[in-house]
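Asks: Sequence:
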Amino acid sequence: MISSTNKPLIAHVLFRLSTGGLENGLVNLINTLPDGKYRHVVVCMTHYTDFRNRINSDEVQVYCLNKKPGQDLAVYLRLWRLLRKIKPDILHTRNLSALEAQLPGLLAGVKCRIHGEHGRDIDDVDGTNWRYVLLRRCFRPLVQRYMPMSKDLEDWLVKQIKVPVAKISQVYNGVDIKRFKVNEAKPLSLLPMEFRAPERLLIGTVGRLDPVKDQLTLVQAFIYLVKNHAELSSNVRLVIVGDGMLLSALQTLVRDADIEHLVWFAGERHDVADIMQTLDLFVLPSINEGISNTILEAMASALPVIATKVGGNPELVLEGETGYLVPKQDPIAMASAFKRYLLQPELLTLQGQAGRSRVVSTFSLSRMMADYMAIYDKLLAKRHEF
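Here the working numbering is used: the first residue of the sequence shown is 755, the next is one more, and so on.
FYI, nobody ran anything at the bench for these hints, they're computed from the structure. Possibly wrong hints are sitting among the right ones.
To be verified - Now the in silico label distances, taken between C-beta atoms and shown as ranges:
| hint | residue 1 | residue 2 | range |
| --- | --- | --- | --- |
| 1 | ALA920 | GLY998 | 34 to 40 Å |
| 2 | VAL887 | GLU813 | 37 to 43 Å |
| 3 | SER943 | ARG1137 | 51 to 57 Å |
| 4 | LEU857 | GLU1014 | 48 to 54 Å |
| 5 | LYS839 | MET947 | 50 to 56 Å |
| 6 | GLU1014 | PRO941 | 33 to 39 Å |
| 7 | ARG835 | ARG950 | 54 to 60 Å |
| 8 | VAL912 | LEU857 | 22 to 28 Å |
Glycine included, every Cβ here is placed at the ideal spot set by N, Cα and C.
Could you put the whole structure together from the sequences, leaning on the hints where they help?
Replies: This is how it looks when you write it as structure tokens:
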């Protein structure tokens, strides 16, 4: 076995370590890579929450740089000093909010520098904000390897950011198919009493309640369904798992429509794998996505998926086979997709099983781990050339 001091050290830099798809993917990666292969540290440009406890190894240190809102140039001096101290072999930054860490990495002498693109925020949904584009282009020479999470993001890097194809390695997220699975009996005790009737269709979503995730369209679609198809309202319920800035607006929308008895706001949960097993249908109403961990988790749980036709979603959801794709911010189209499952309940099982098979064959954690290891090892083997 390689001694701990000889194992390459990877410094993972991100804006904040808290609940989210990017963060979930990072934790899954650290927990899955072989213990004897690499060492890891996580560097938060701002801070972390108790989500940090999902990292299994006590040996993984998490540093906070406590970046102030707006311009805080001193944070990059702190990062440079930290990198000089810990001497990582690989610097792996993620998304625009951590991209500028590439410069302190270069100045600190880190030879292998990777940047991952996991998706975009509400203020730059299509990736064309000229300031952000210019910033990304300015930092392009510092990055040895780009890792977009979807073919859509890879195409954007080539066409918009002008990254050479040779510098890109597209890698899909993976899902723990042992944790997210199908049980013979649903854990109905997790649900409110009025949601437990087995004949009811439980529609659900999981994620931070944020404008880019657009749960408002989901609730509007649900309202349209039950108001325009009253005969169906007794057989359908909506489960919203997560917390965030949209919570109050969503609750107001539900209250004004007088459907509080049909919607359960479950809050942020640590038993998402179990909650998935209570659902019949999963929905992701996002305005933009990279490669959604929650879609993969839903598919691994044998749930058909309704998702917006944006970003990497079409790379996961096969139209009519594992679910349906609908236009973004179109509640009527989404409601129509809901109705299809109510009228053809056999689709729930057929598409759910197809989704599970697709995840097992293409989106497992073992496949993701192998892809990351191949990239890390290739860069480490060439570091003397940088």
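Asks: Determine which of the earlier numbered hints do not hold for this structure and return their numbers in increasing order.
Replies: 6
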